[in-house]
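Letter by letter, the chains look like this.
2 protein chains.
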Amino acid sequence: MSPPQAADPVGTHRVLEPAGVLPQQALRLDARREIWDDEVRVRVRRLNLDAASFRQLSEKHRGDGGQVRAEVLDIVRSRGKMQNPVTGSGGMLVGVVEEVGPDSPLGLAVGDRVATLVSLTLTPLVVEDALAGWDGRSEQVPTDGYAILFGRSIAARLPDDLPEELSLAVLDVCGAPALVDRVVRSYTGPDHRGPVVAVVGGAGKSGSLSLAAARQAGAYGTIGVVPHDREASLLRESGLADDVVVADARDPLALRDAVRAAGGPADVTVVCVDVPGCEGGAVLATADRGTVVFFSMATSFSAAALGAEGLAADVTMLVGNGYMPGHADLALRLLREEPGVRSLFERRL
Amino acid sequence: MSPPQAADPVGTHRVLEPAGVLPQQALRLDARREIWDDEVRVRVRRLNLDAASFRQLSEKHRGDGGQVRAEVLDIVRSRGKMQNPVTGSGGMLVGVVEEVGPDSPLGLAVGDRVATLVSLTLTPLVVEDALAGWDGRSEQVPTDGYAILFGRSIAARLPDDLPEELSLAVLDVCGAPALVDRVVRSYTGPDHRGPVVAVVGGAGKSGSLSLAAARQAGAYGTIGVVPHDREASLLRESGLADDVVVADARDPLALRDAVRAAGGPADVTVVCVDVPGCEGGAVLATADRGTVVFFSMATSFSAAALGAEGLAADVTMLVGNGYMPGHADLALRLLREEPGVRSLFERRL
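Protein chains in written order, with this note's numbering: chain A, 7 to 355; chain B, 7 to 355.
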C-alpha cells in the first residue's frame with residue numbers, strides 16, 4: 007500500500023525541498039524505506055562516486071580519507087541522496103533488489119543483482135553502516151544501505167560473465183557508444199559511405215567504447231585523439247582507431263590541424279575528455295554539415311553555441327544523453343567483442 | 007599591409023591572453039584599428055546587447071543605468087570586446103563598413119550598412135564616445151566606435167525596406183528559425199506527417215520566429231508556451247500558434263502537463279526563454295525519440311545531459327547553433343510574410 011501522496015514516475019513525490027522541482031534539482035529527498043507502488047528498493051552494496059565529485063572531495067580534504075568519508079556521510083544524511091553540492095554530480099550504485107512494488111514497470115525481481123543507470127543525484131539513499139568499510143581514498147565505496155528506484159528509473163542486471171567492477175565501469179559510460187551508434191547509422195553524407203569519426207579522448211572509457219561503436223556502425227574511418235604519446239601507444243595497441251593523433255583538445259587550432267592531418271575534417275566528432283575548453287576545437291575539427299557529440303560534463307553550453315556561431319560553422323551539436331534504450335547491452339557487447347576495449351578498461355580499474 | 011603576425015580566418019592572431027585560445031574564449035583581444043589583409047573594419051553605430059547579459063547587468067545594479075553603462079564601458083575597455091564575464095554572452099552590432107582588407111572573403115564594400123551575425127563575444131571592439139548617448143536602461147546601445155570582422159566572420163547587409171531596429175532584432179535571433187526549419191523538414195515520424203512543435207517562450211523574438219518557421223516547414227501542429235495570460239493574449243492575436251498554453255517553464259511537471267493538454271507531447275520542443283532551469287521540463291514535454299532544441303543561453307549542459315538520463319528520456323538534444331547558411335534571409339522573409347511575427351517584434355522594440 008502506498009503512502010498517501012500519489013507517486014509520479016519521475017519521483018517528484020519524494021522531493022522534500024524545494025517544492026515542484028525534479029529529484030535531481032532537489033536539496034533534499036524523502037528517503038523513507040517504505041516504497042510507493044511503482045517503486046523498487048535496492049539493498050546497496052557499493053557506491054561508485056562520479057570522478058569529478060570524488061576528486062573535488064579529495065582535494066578539499068587534502069586526501070584525508072576520514073574527512074572525505076565524513077563528508078559523504080553528511081551529504082547523504084542531510085540530502086537523502088549522494089549529490090556533491092559543489093560539482094552537482096553523483097555517481098551510480100550496485101546492489102540487490104530487495105522489494106518490488108506491484109506497479110513497478112522496471113521488470114526487476116527480488117534478488118536481482120543490479121546497477122543503477124540513473125545518477126545518484128536523483129536516487130533516494132540511506133547509508134546504514136556509516137561507510138565503515140571505506141577508507142575514503144577511492145571512488146569505489148563498499149557500503150550497506152538501501153536506495154529507491156522510481157517508476158521511470160533505469161537499472162541494468164549485472165552480467166555473470168564479467169567482473170563486477172568491469173561491468174560497472176562500462177555501464178557508467180554506456181550512453182556514449184549508444185548515441186555514437188545512432189549518429190553513425192543515421193549519417194547520410196555524399197558517396198553513400200559512412201562518416202569519418204574522430205573521438206577526442208579516444209583512449210578513455212567512453213572514448214574507446216565510442217570508437218568501437220563507430221566502427222561497428224559503419225564509420226568510413228576512425229580517428230582517436232589523445233593528449234600524449236603514452237596514451238597514443240595504448241590506443242594504437244588496442245587497434246580501435248584507424249588513426250591515432252596526439253593533440254591538446256583545448257587548443258582549437260592544434261585539434262583542427264591534427265584531425266585534418268589524419269584524414270579529417272571529421273563528419274562526426276565525439277568529445278569524451280573531461281576538461282573544459284574543448285568546444286571550439288571540436289567544432290573546427292568537424293566538416294561542414296557534420297555533427298559534434300559532446301559527452302564531456304565539462305562542456306559549456308554557451309561556449310558551444312556561441313563558438314559555432316562565431317566560427318560560422320554549420321555543424322549539428324548534440325548534448326550527450328546518457329540514456330538510450332538498449333545502451334547497457336550494446337556497451338557490454340562491445341566490451342565482450344572487442345579485446346581492445348577490454349584491455350583499455352582493465353588498465354583503468 | 008598587414009602587421010607582422012599572419013592572420014588566421016578565425017581571428018586567433020588578435021588574441022592577447024591566454025595564448026592559443028579562440029577569440030571567444032580570450033580574456034583580452036587586440037582591438038587595434040589597423041586591419042590584417044583578410045579583415046574588415048566597421049564603424050559601429052549601435053550595439054545590441056544579449057538579453058541574458060543585459061538582464062544580469064541590470065539586476066546586479068538594481069536598474070541603475072549609469073552603473074550599467076559604466077560596467078559595459080569597463081568590460082569593453084579591459085577585454086577589447088563586449089563579453090559579459092558572468093553570462094559569457096555578448097550580442098551583436100550595427101555599423102557601416104569603413105575599410106575592407108584586400109583578402110577579405112566577406113564580399114563587403116566600404117559604405118555598406120551591416121549587422122554582424124557573429125557574437126560580440128569574439129569581435130574586437132573599441133568604444134570612442136564613452137557610450138554618452140545611452141542611458142544604460144535598454145539592450146539597444148547607440149554608440150560611436152569601431153569593430154573588426156575576421157575572414158570567417160558573418161555580416162548581413164541591412165535591408166532597405168525595414169527599420170534598422172527591426173532588422174537588428176530579427177537578425178539577432180535568426181539562427182533559431184533556421185535550425186527549427188531544418189529540424190522540422192528532416193523529421194521522419196510515424197504517419198508521414200510533420201512533427202508537433204512546442205515553442206517555450208513562443209511570444210518572444212526567437213520564439214515567434216521559431217513558431218512561424220515550424221509552420222512554414224510543415225509542422226503538423228504548433229504549441230506556444232508562455233509564462234502568463236498577457237503574453238498568451240498577444241500570441242493568440244498573432245495567430246502564429248495553433249495552441250497557446252500558459253505554464254512556468256521552470257516547473258517541469260507543469261510544462262509537461264500543459265504541452266500534453268495542448269496536443270503534446272511535442273515531437274520537437276524549442277526552448278527560447280532566457281531563464282535557467284527549463285531543461286527538465288523541456289525533456290518531459292517531448293515525445294519518445296523526439297528532439298529538444300535549446301536556444302536559451304541560460305541552458306545548463308549538465309542539467310540537460312543528466313536530466314534526460316535521470317528521466318530515462320530517449321530524446322535528441324541540440325545545442326542551438328546561431329549560424330546556418332541563409333539564416334538571415336529566412337528570418338527576414340518570415341518577418342515580411344507573417345504579420346504576426348512583425349507585430350510581436352514591433353511590440354518589443
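Careful: at least some of the hints might be erroneous.
[Claimed, not checked] Derived list of chain B stretches under chain A, where covered just means 3 residues or more per stretch with a C-beta under 8 angstroms from a C-beta of chain A:
id, region
1, 152-160
2, 307-313
[Unchecked claim] Cβ-to-Cβ under 8 angstroms is the rule here; a few derived chain A residues that face chain B:
id, residue
3, His19
4, Gly107
5, Pro111
6, Gly113
7, Gly117
8, Ala238
9, Ala309
10, Gly316
What the hints contain is simulated information worked out from the structure, not anything from laboratory work. No experiment lies behind these values; they were computed from the predicted model shown. Backbone N, C-alpha and C fix where the C-beta goes; we use that ideal spot for every residue, glycine too.
Here's how the hints hold up against the structure:
For the region 152-160 of chain B, the stated coverage by chain A holds: 3 residues have a C-beta nearer than 8 angstroms to a C-beta of that chain, and at least 3 were required. Chain A is given as covering the region 307-313 of chain B, and this holds because 7 residues of the stretch bring a CB closer than 8 angstroms to a CB of that chain, at least three being needed. The restraint placing His19(A) at the interface with chain B is violated, with a minimum CB-CB distance near 11 angstroms, outside the 8 angstroms limit. Interface restraint check: Gly107(A) against chain B, minimum CB-CB distance 17 angstroms, threshold 8 angstroms, status violated.
For Pro111(A), the interface hint is violated, since its Cβ never comes within 8 angstroms of a Cβ in chain B; the closest pair sits about 10 angstroms apart. For the restraint placing Gly113(A) at the interface with chain B, the shortest Cβ-Cβ distance is roughly 13 angstroms, beyond the 8 angstroms limit, so the hint is violated. The closest approach between the C-beta of Gly117(A) and any C-beta of chain B is roughly 23 angstroms, which is over the 8 angstroms cut-off, so the hint fails. About 21 angstroms separates the beta-carbon of Ala238(A) from the nearest beta-carbon of chain B, more than 8 angstroms, and the hint is not met.
Interface restraint check for Ala309(A): the shortest CB-CB distance to chain B comes to about 7 angstroms, inside 8 angstroms, so the restraint holds. Because the beta carbon of Gly316(A) sits about 4 angstroms from the nearest beta carbon in chain B, less than 8 angstroms, this interface hint is met.
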